[in-house]
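Peer 1: Below, each chain spelled out in residue letters.
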Amino acid sequence: MTATTPYHTDDTAFAVQAPRVIERLRAALPERSLVVEEAERRAYESDGLSAFRQLPLVVAIPDTIEQVQAVLATCHDLGVPVVARGSGTSLSGGALPHPQGVLLSLARFNQILELDPERRLARVQPGVRNLAISEAAAAHGLYYAPDPSSQIACSIGGNIAENAGGVHCLKYGLTVHNVLDVTLATIEGDIVTVGSQALDTPGYDLLALMHGSEGMLGVILEATVRLLPEPLTKQVLLAAFDSAATAGNAVAGLIAAGIVPAGLEMMDGPAIKAAEDFVHAGYPTDAAAILICELDGGTEEVVADTARVDALLRDSGATEVRVARDADERARFWAGRKAAFPAAGRISPDYYCMDGTIPRKHLGEVLTRIADMGREHGLGVVNVFHAGDGNLHPLILYDGNTPGELEQAEAFGARILELCVEKGGTITGEHGVGVEKINEMCIQFNDAERETFFAIKRAFDPPGLLNPGKAIPTLNRCAEFGAMHVHHGEVAHPELERY
Amino acid sequence: MSEDDDQTEAIAARVRDAAAAGTPVAIRGGGSKPFYGHRLDGEALDVSRHRGVLNYEPTELMLTARAGTPLVELEELLAANGQMFAFEPPHFGGGATLGGAVATGLSGPRRPFAGALRDHLLGVRIVDGNGSVGRFGGEVIKNVAGYDVSRLTVGALGTLGVVLEVSVKVLPRPETERTVCLEMAPEEIHGRIEDALRNGAPITGAAHDGDRAWIRLAGATSAVTAGADWLGGDTPTDETFWSRLRDHTMDFFRGDTAEPLWRLSLPPGGRSPDLPGKRVVDWGGQLHWLRSDASAEGIRRETAAIGGHATVFRGGDAATAVFTPLEPALARFHGRLKRAFDPHGVLNPGRMYPEF
Chain A
1 MTATTPYHTD DTAFAVQAPR VIERLRAALP ERSLVVEEAE RRAYESDGLS
51 AFRQLPLVVA IPDTIEQVQA VLATCHDLGV PVVARGSGTS LSGGALPHPQ
101 GVLLSLARFN QILELDPERR LARVQPGVRN LAISEAAAAH GLYYAPDPSS
151 QIACSIGGNI AENAGGVHCL KYGLTVHNVL DVTLATIEGD IVTVGSQALD
201 TPGYDLLALM HGSEGMLGVI LEATVRLLPE PLTKQVLLAA FDSAATAGNA
251 VAGLIAAGIV PAGLEMMDGP AIKAAEDFVH AGYPTDAAAI LICELDGGTE
301 EVVADTARVD ALLRDSGATE VRVARDADER ARFWAGRKAA FPAAGRISPD
351 YYCMDGTIPR KHLGEVLTRI ADMGREHGLG VVNVFHAGDG NLHPLILYDG
401 NTPGELEQAE AFGARILELC VEKGGTITGE HGVGVEKINE MCIQFNDAER
451 ETFFAIKRAF DPPGLLNPGK AIPTLNRCAE FGAMHVHHGE VAHPELERY
Chain B
500 MSEDDDQTEA IAARVRDAAA AGTPVAIRGG GSKPFYGHRL DGEALDVSRH
550 RGVLNYEPTE LMLTARAGTP LVELEELLAA NGQMFAFEPP HFGGGATLGG
600 AVATGLSGPR RPFAGALRDH LLGVRIVDGN GSVGRFGGEV IKNVAGYDVS
650 RLTVGALGTL GVVLEVSVKV LPRPETERTV CLEMAPEEIH GRIEDALRNG
700 APITGAAHDG DRAWIRLAGA TSAVTAGADW LGGDTPTDET FWSRLRDHTM
750 DFFRGDTAEP LWRLSLPPGG RSPDLPGKRV VDWGGQLHWL RSDASAEGIR
800 RETAAIGGHA TVFRGGDAAT AVFTPLEPAL ARFHGRLKRA FDPHGVLNPG
850 RMYPEF
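If you read the sequences in order, they're chains A and B. Numbering-wise (the numbering used here), the first sequence opens with residue 1 and increments by one. Numbering-wise (the numbering used here), the second sequence opens with residue 500 and increments by one.
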């Protein structure tokens, strides 16, 4: 696969003297906490978005808060960029290293500091894995609700930095709805706690501001998360449709009837086939779309809702509705959806996962246009979709070893994101902007709005050292991107004009 | 809705003039919560004419309206479609507007169980202190593009921008709602409702009026019935309890008492603050409304000792800070954010904290 560096020249104009940086870090950290050799730094050159690679100047893996502060003080004093990294599973390049900067790994902050079952909260260090919280809480009949697909590996610090979602967001919210407080180290040397264990906090809602701020305002040292009681009962239905638009209307029908499912997922025909070939979940491979609907609550309530959902789905034109007979079948209904990404990996050497959100009513049209674009780019695409909340995940299939295909995949992806904005949606529902969608930020926000973002950035990071070059594009970048855009007419990427 | 209902240009022009002249404005919507926050001196900027529903799609669970739209109108519209604001915004008076609800950020009795206004906010359009109009967030439920400016405006009391439009997530109304009354002390509520929640009771309110506990259940009829049976207690005849608690029309909140009304926001399941005075408890014990003549310092010290914070909600004297003072680093970030959004200091200066 081709490796590209996405940094703009604006973002790499730091005057960094590498030997001085390393010397100061050596004085502040034990030897095992510093990675200087190139071969060892390689391990950190990518996160979950492997199309982008960048070696950091040096990697710091501190053990203590004092060491984190020492790293930040070094960076502050010497004007060195610093990129915080949890488990490195970001799908938008949020933890991609900076070529002139320190990569600050929080991997050793992996302890659950307190789990209080009576008050239903857990105090955790940033490197604790998402799933580890639910595993620890399970003994008390509790769990942590946000469940991004990477939950086995991704860290809570990264979840907060990206405001991670998952398949249960419509009913249980995103990360921002499930975190009570966050303690951060600032680039100026403060340690501050935003939010509290109370249900509100005096002053501005800085807790919300930190969610999805992509490591650009502070470095997360600790968080308190809210735990929920495990639902008493769960049921899962699987419905098949002969068109994605019909499935989309069926979702609207459920919502209109007052049902708020715990999970509501859609897969299109190619995704169904890929998943079925992989995990043999028993999916109807002749369907154009399936919906997987999870209901939870008290036993009687779930029984009643299941009957209603079954009838509503049939009324909406489902060609088949299956109700899971037991826990095994519930797990099987989910298995194909949960394996959709690796399944795409089996049918294509590489895939590129997109993350836009649209008002659900446009689903049929958007899927049709995505299919058309795929043909124009000569690339296949499979679609999985958090149908309840309008969050699309088209997986673009390409082969990084075929010259030009990665570039086509990126161009195709960019057009999908622009389509999401055009339809009144957004360029990222839960993966973050990172380096991946930074150009599309120029489309979603105007100059004044982006200046507001920079003003917020300066309030917390006056020297602009925390994760520079991510999430918020500079005026220059947008000017160049805009010139590319407008110059060649309506299509975003001039190289596409030959198609 | 007519063209006159779109006051965007007029409001932005007023802010631009204010910024140029350096004369503060005092933003006013329905005028239902003038008691909240510090007194303002600025020239009134009335946004109540900027009103109307811009987009409501029941099947997208989303509503967008101009800030001056009265909550009453919106709630009627939602009810007609079997939906509601899950955060149960207080009105405190007939004229309360959507913009005012965002600016004050207050949520009603359902808050611990369904989330606060900030949890259901999807996007805002604001005029910043330069008179520049910007849109942040959007009309979709999942959206992480850019910093979360929309939630930053919640509870900011207009100090960061004049809210022009608001998009919120709405939810279906419950099939059934029922209240039970139990004889217990306020401190016992947390444990009892925790047990009930874990047994599937769909609790949407848990308060104590000084005599007894009021527990509200709402959701599927089967779950409400099972939950009420599990809790036991009596069924009260008073059906207005929750709206009187929400809007402060209960006797406890009225009257001409000289004692200020304090709002104590507390962590879950802790001890009650040891303070003199009468109180009404909401949010399963996490919100104490306290009528007390104890010193502000004493109230704040005791509340902070158990991890909470105390606000002078009504009736404070001018010398007492309305909100719990911020620690120095946080105060510094607040000041910088204020200057970032309102460099001329013209938007409701001092309504939240005297420093900005």
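Just so you know, these hints were derived from the structure itself, not from any lab. Be aware that one or more of the hints could be misleading.
If you want a taste of the chain A side facing chain B, the calculated C-beta under 7 Å gives, among others [what the hints assert, rightly or not]: (1) Gly165; (2) Ala311; (3) Asp315.
FRET-style restraints, in silico, Cβ to Cβ [what the hints assert, rightly or not]: (4) A:Arg108 / B:Glu758: 32 to 38 Å; (5) B:Ala804 / A:Ile22: 44 to 50 Å; (6) B:Ala579 / A:Gly79: 38 to 44 Å; (7) B:Pro824 / A:Glu66: 25 to 31 Å; (8) B:Ala579 / A:Glu135: 57 to 63 Å; (9) A:Glu66 / B:Asp710: 51 to 57 Å; (10) B:Asp504 / A:Thr319: 32 to 38 Å; (11) A:Gly141 / B:Pro842: 29 to 35 Å; (12) A:Leu232 / B:Gly551: 51 to 57 Å; (13) B:Asp710 / A:Gly141: 28 to 34 Å; (14) A:Glu365 / B:Ala804: 55 to 61 Å; (15) A:Arg108 / B:Glu508: 51 to 57 Å; (16) A:Glu230 / B:Glu826: 34 to 40 Å; (17) A:Ala153 / B:Pro824: 56 to 62 Å.
Just so you have them, the derived chain B footprint on chain A, three or more residues with Cβ under 8 Å [claimed, not checked]: (18) 203-215; (19) 256-266; (20) 425-435.
From the three backbone atoms N, C-alpha and C, an ideal C-beta is built for every residue, glycine too.
Peer 1: State, for the Cβ atoms of Pro824 (chain B) and Glu66 (chain A), whether the hinted interval 25 to 31 Å holds or is violated.
Peer 2: holds (28 Å)
Peer 1: Quick check on a hinted range of 29 to 35 Å for Gly141 (chain A) and Pro842 (chain B), using CB atoms only.
Peer 2: violated (51 Å)
Peer 1: Asp710 (chain B) and Gly141 (chain A), beta-carbon distance inside 28 to 34 Å?
Peer 2: Holds, at about 33 Å.
Peer 1: So, Ala311 (chain A) near chain B? Judge it on the closest CB pair being under 7 Å.
Peer 2: violated (16 Å)
Peer 1: Report holds or violated for chain B covering the region 425-435 of chain A, Cβ cut-off 8 Å, minimum 3 residues.
Peer 2: Our answer is that it holds, as 9 residues pass the Cβ test (under 8 Å) against chain B, meeting three.
Peer 1: Starting from the range 34 to 40 Å, see whether the pair Glu230 (chain A) and Glu826 (chain B) falls in it by beta-carbon distance.
Peer 2: 37 Å Cβ-Cβ, so the 34 to 40 Å window holds.
Peer 1: In this structure, is the beta-carbon distance linking Ala804 (chain B) and Ile22 (chain A) contained in 44 to 50 Å?
Peer 2: 46 Å Cβ-Cβ, so the 44 to 50 Å window holds.
Peer 1: Please verify that hint: Gly165 (chain A), Cβ, nearest Cβ of chain B, below 7 Å or not.
Peer 2: At 6 Å from the nearest chain B Cβ, Gly165 (chain A) passes the 7 Å test, so the hint holds.
Peer 1: Is the gap between the beta carbons of Glu365 (chain A) and Ala804 (chain B) within 55 to 61 Å?
Peer 2: holds (58 Å)
Peer 1: Using C-beta distances, would you say chain B covers the region 203-215 of chain A, given that this needs three or more residues below 8 Å?
Peer 2: holds (count 9)
Peer 1: Falls inside 38 to 44 Å, the C-beta gap from Ala579 (chain B) to Gly79 (chain A)?
Peer 2: violated (59 Å)
Peer 1: Honestly, do Leu232 (chain A) and Gly551 (chain B) meet the 51 to 57 Å range at C-beta?
Peer 2: violated (43 Å)
Going through the hint list in order, the structure does not satisfy hints 2, 3, 4, 6, 8, 10, 11, 12, 17.
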